[in-house]
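Just need the whole structure built from these sequences, with the hints factored in.
4 protein chains.
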Amino acid sequence: MRVGILTGGGDCPGLNAVIRAAAKALFARGVDVLGFRDGYRGIIEKDWITIDKKAISGLLHRGGTILGTNNRDNPFNFPVETPEGEIEYCDVSEQLLENIKELQLDNLISIGGDGTLSIANELVAKGAHIIGVPKTIDNDLEATDQTFGFDTAVTTATEALDKLHTTAESHHRVMVLEVMGRYSGWIALWSGVAGGADVVLIPEIPWSLDSIVEKIEDRQNEGKPFSIIIVAEGTPGPGGEHIIRDRIEGSGDPIRLGGIGQLIGSLVEQATGVETRVTVLGHIQRGGSPSPLDRILATRFGVAAAELAMSGHSGQMVALKGQEVVPVPLEEATRETSSVSLDNQLVLAARSTGISFGD
Amino acid sequence: MRVGILTGGGDCPGLNAVIRAAAKALFARGVDVLGFRDGYRGIIEKDWITIDKKAISGLLHRGGTILGTNNRDNPFNFPVETPEGEIEYCDVSEQLLENIKELQLDNLISIGGDGTLSIANELVAKGAHIIGVPKTIDNDLEATDQTFGFDTAVTTATEALDKLHTTAESHHRVMVLEVMGRYSGWIALWSGVAGGADVVLIPEIPWSLDSIVEKIEDRQNEGKPFSIIIVAEGTPGPGGEHIIRDRIEGSGDPIRLGGIGQLIGSLVEQATGVETRVTVLGHIQRGGSPSPLDRILATRFGVAAAELAMSGHSGQMVALKGQEVVPVPLEEATRETSSVSLDNQLVLAARSTGISFGD
Amino acid sequence: MRVGILTGGGDCPGLNAVIRAAAKALFARGVDVLGFRDGYRGIIEKDWITIDKKAISGLLHRGGTILGTNNRDNPFNFPVETPEGEIEYCDVSEQLLENIKELQLDNLISIGGDGTLSIANELVAKGAHIIGVPKTIDNDLEATDQTFGFDTAVTTATEALDKLHTTAESHHRVMVLEVMGRYSGWIALWSGVAGGADVVLIPEIPWSLDSIVEKIEDRQNEGKPFSIIIVAEGTPGPGGEHIIRDRIEGSGDPIRLGGIGQLIGSLVEQATGVETRVTVLGHIQRGGSPSPLDRILATRFGVAAAELAMSGHSGQMVALKGQEVVPVPLEEATRETSSVSLDNQLVLAARSTGISFGD
Amino acid sequence: MRVGILTGGGDCPGLNAVIRAAAKALFARGVDVLGFRDGYRGIIEKDWITIDKKAISGLLHRGGTILGTNNRDNPFNFPVETPEGEIEYCDVSEQLLENIKELQLDNLISIGGDGTLSIANELVAKGAHIIGVPKTIDNDLEATDQTFGFDTAVTTATEALDKLHTTAESHHRVMVLEVMGRYSGWIALWSGVAGGADVVLIPEIPWSLDSIVEKIEDRQNEGKPFSIIIVAEGTPGPGGEHIIRDRIEGSGDPIRLGGIGQLIGSLVEQATGVETRVTVLGHIQRGGSPSPLDRILATRFGVAAAELAMSGHSGQMVALKGQEVVPVPLEEATRETSSVSLDNQLVLAARSTGISFGD
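Protein chains in written order, with my numbering: chain A, -8 to 350; chain B, -8 to 350; chain C, -8 to 350; chain D, -8 to 350.
These aren't lab readings, by the way, just hints derived from the structure by calculation.
Hints should not be assumed to be uniformly reliable.
Copies of the same chain are indistinguishable here, so a pair counts whether it falls within one copy or spans any two.
Said to hold, decoys possible - In silico BS3-like cross-links for lysine-lysine, where the CA-CA straight-line distance does not exceed 25 Å:
| no. | residue 1 | residue 2 |
| --- | --- | --- |
| 1 | K215 | K37 |
| 2 | K37 | K117 |
| 3 | K312 | K206 |
| 4 | K44 | K206 |
| 5 | K92 | K206 |
| 6 | K45 | K215 |
| 7 | K92 | K37 |
| 8 | K45 | K206 |
| 9 | K92 | K117 |
| 10 | K215 | K44 |
| 11 | K117 | K45 |
| 12 | K117 | K206 |
| 13 | K44 | K312 |
| 14 | K215 | K92 |
In structure tokens:
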């Protein structure tokens, strides 16, 4: 029996731990394991490595993925060089399916986010055998109670808040920390509560400058002339407008400059007169050794995916429901994302401890 | 309105975070908060402090408890000095109930483990108003899916395994790590999986030396002349016998010497001839700043307990069920502990990745 | 006897540890200790607290300063409100000297950077008794071999590099990390070596884009399609020009946007075509619990300053020379900063391990 | 040109970083690098690997040594199996020298402690070309101001003290932490100061129980009913007697039981009546990722050793003197260990902050 593994989408602590666990479970039953490089590109271009015991040694606590990932690996829209040396985007999914046959893969474990799993779903519809493993540090998949990588990202953001705290206090400043979360505020909410933020701003809850200023002034009146604001990168501006990061003029480059963090810092400083500093945590949240919890969840997901793959399942994704890892249909899994609701218990608990959501 | 708070039993990361969150939720509704020192002793001897905003500043990330705890605070069996200067153990529960009245406490939030909550239950039966908050780093309460402090303990144990790994590998040694867990193996199981242990020994699964030796030799045959064993302190000996730690002869003292960790190290070294080193992690697991997850859980428990207390409930304990914090009857809560079952999904996943339980 | 303590300038891990150690050494000889709030402002406005044993409890491992700091505390140019409610900058140094007399201070321990110590020097010239303790996370004082806070900042930056590494590798990206160091590149150099950076850019060494691109391409040719660049914030642009961070247009605010990190990221991405991501570490470097080394150095500085203060010295600063803490004249101390020279042994060692300085 | 590398003696964070740096510096000049397994055994038995760019990838932050180490690798007293299957200890140094010739090694970089370097010295006397790199987490070599691994060990011990602190405080207990240091107290001294210990016991300073008890009682009288004691493993008993760890009776095994830590805990508990808990940190101190400082020092040592090796030197050891890495004669290096003197500045500073050395 032969099973392939690939990883797609953005980096996430725990990817290697999934690969390791799946491979160990497959080895135990004598299954050959192929690792494709850079997501679906590895299958399309038959760029793969044999995953053996040596390849997975030491992977449990290592961040990143030994298989690499690639944002441009969509087989339905794949960049192909024309004879004239130009790039054309083509549907190469048939080629991919053929390669799967040629390589005699009985099943494929596809570890990735929204994009990667949606593609998996389409490939399954075309006859491929695929088991999905969900991956998002944002923890915003309705289909699973938790995703690996999230706890590590929350830990990194919380450590940053812990560090900013002492400086805020010593300098009587407002400190703004921008964290990841393009569509959902889970990282900001969890690390805001864990790191003792005073204001938590997330995409799901509209905010007003007045409300933030009021919170900062309330604290000043209580003898606390410093405040900590955490904001998810996808939080809209004060009028609900989407914030596009500024770019260095004329450069046409994708390097990010000021986002919502800087905007909020600027507005708060102008409104309160309190010195304000902004930190954008950036890719630090995606890297590093996974936390123990993430290693465990990644291990469980890897084993469960391997077992599904070996028993001939397809079109399923592994998910955590309560204390159990269970299979759910891939189709369903890629349909709904979870967002922070106003009556979420942690939001309410946060409010009870005095955290303002700027509303 | 007036609510008291106390902490009892062994130390646990997150106690201060519970106190802080409960106090914040109580302050927000104008409730006065009294903090009793050293568990029930503080009520019996009217030794308390006023908890105000200043008292809880900076508590979120601080280990331990500002209220102190005490193993000898049982009001039904309390040490009282007789006029002759001797210690007699008396039932002073009536005195405690009277003090509660005298101090005009509307409710009491009692944060503690088995012992502390059982006493709470008995006091409730005698008419006291008490809300319980469960506390155990062992995570072995049937009534709640998770307890705060557990994730921090698992993190500490996993970091220790990470460190032992490199030495084991460099020196071709067997490293034994003894962690907490008197009756249940949750800490050993979770950190064993997270830290890549080769053998996990827990109270719930009988083990044999042959089986451990086989695992170590299998690894040697695969070119891995080193192994990591993690063992819960409450794991019985090879014949199922309870291991009592040795003491320095004649000293009559309670200082612990060799426990199950040393016994296993000794047996393994004799049986395999491989140099073996034993580390007993000890109280390091109970201390330190709580992990983000534990701070969040502690905050949620604190807020929920305060809300129950303010709405006049009694005889309830807060618990995590799935994603929600809910009240459960104190009585039920103190009845059952949870232990690792042979068909626990994490046990099975661990086996699939090659972990041996020595059975 | 009576000694005052104040902290000035930017935040720095270890300030509290200096205060604690100095106070402990002073208490041991029965000296009263006054803590002035927000640097010299505390003396000018007689805003102080009594530092007693309780005040310093738990300070050793706590970041920041319980005394607060203030960038606008220069007694020679101090903001004073006129009767008309306007702000005028005045020389209030005479008032400060008078307050010192009135408060019967025998000596003053002034903990701060360049600015704070230069003022101390001028005040000494006017008759004040002051002992200086140098503080800069940049470690760029010629007069002392090391300053506290530097090791913590290097540790924070190194941890960030460790995290960026896995993502760079998984995604075949260039990761740019901008760290502190306005005039000197010590933090970038040390953490660049410790974190395995491929390119280190510092104010002292002019760089060219070609040279950076060459390094990145060399690595690609060796099968390493990812690179890590660390850059000190004060590094000039490719033409040697000083980089002023962009601001949100028209806002007139001091919120920082793109600095040298973003510029380099942009240039490198355009020149190599490799996806590049930039992280600006910012104030996270100034916060958090000091590293063990910094706690020790801060403790030694605090004790040495207290001893100098008690023995009636003035106009001296404590400094580390080799293994010993020694006094040096304040005057000399504030004159020269140290910068990274081309023949610095660590620069040469870095080059030997393949690190490029872009030159 | 061809240079060999080996590592000997106990584990120490930074060994891999030395190997990596030396190899990189050697590669840059086209030198072939051989890595011998398990110290001198690798040369004696011609058990070696080619160290190439791939072999050293990712080594900078990895604890342990990829080359392995071995306590039984002395070529002057090497275990050889006789034809009858018995073990005889023989002088195989001639064989080793011959193998060096046969393998056409121009030089050998020997990374190790006392034992390893003494052997190197003897081999040099017999004509071998060897450059030494000192390795000891104890930091007790007179010839170098600091050794790599020490800062990591101090950090691990300090983190343990930080964790024990909160428990000690919450439970009104005495916590004893036993750390490494068989002949010198550097780890106990540095981490004791960094971790805020109340009592520091080291081999160099005789202690009395009365003095320790006095310190604990002084603290109780100041309202601090808890204390932290750190003790180096080599500290003699109260009468100056050497403490041999107890063993499990009749087992004849080398597993360690009670050492000086337990003895002190037992004595203190009996004398004060305060509950006391003992933690023996053990091998955790030797493992884990090296601290940034240790990575830097290891890198500098590795580069310096490679340069000495390439320029044909022999019988030299690299050492840190002030800010510079310099060569010192191997002979001298192995002669003197450094111990903590009573007038060491850090000892005096520690006393000034109230730390008792039990004397």
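These are the hints, each one checked on the structure:
Only between protomers do K215 and K37 lie at most 25 Å apart by alpha-carbon distance; the minimum there is 20 Å, versus 60 Å within a single protomer. Proximity of K37 to K117 under the C-alpha cut-off of 25 Å is restricted to the intra-copy arrangement: shortest distance 19 Å within a copy versus 57 Å between copies. Taking the shortest alpha-carbon separations for K312 and K206, neither the intra-copy value of 37 Å nor the inter-copy value of 33 Å comes in at or below 25 Å. For the homomeric pair K44 and K206, the shortest alpha-carbon distance between copies (16 Å) is at most 25 Å, but the shortest distance inside one copy (55 Å) is not.
Within a single copy, K92 and K206 get their C-alpha atoms no closer than 61 Å, and across copies no closer than 37 Å, so neither meets the 25 Å cut-off. Taking the shortest Cα distances, K45 and K215 sit within 25 Å of each other only across copies (10 Å), while inside one copy they are farther apart (55 Å). Taking the shortest Cα distances, K92 and K37 sit within 25 Å of each other inside one copy (12 Å), while across copies they are farther apart (47 Å). With identical chains, the CA atoms of K45 and K206 are at most 25 Å apart between copies only, with a shortest distance of 18 Å across copies and 55 Å within one.
Proximity of K92 to K117 under the C-alpha cut-off of 25 Å is restricted to the intra-copy arrangement: shortest distance 13 Å within a copy versus 65 Å between copies. When the C-alpha separation of K215 and K44 is checked against a cutoff of 25 Å, the pair qualifies only between copies, where the shortest distance is 11 Å, while the shortest distance within a copy is 56 Å. In the homo-oligomer, the alpha carbons of K117 and K45 never lie at most 25 Å apart, since the shortest distance is 34 Å inside one protomer and 40 Å across protomers. For the homomeric pair K117 and K206, neither the shortest alpha-carbon distance inside one copy (55 Å) nor that between copies (44 Å) is at most 25 Å.
Taking the shortest alpha-carbon separations for K44 and K312, neither the intra-copy value of 31 Å nor the inter-copy value of 39 Å comes in at or below 25 Å. For a Cα distance limit of 25 Å, the shortest separation of K215 from K92 qualifies neither inside one copy, at 66 Å, nor across copies, at 31 Å.
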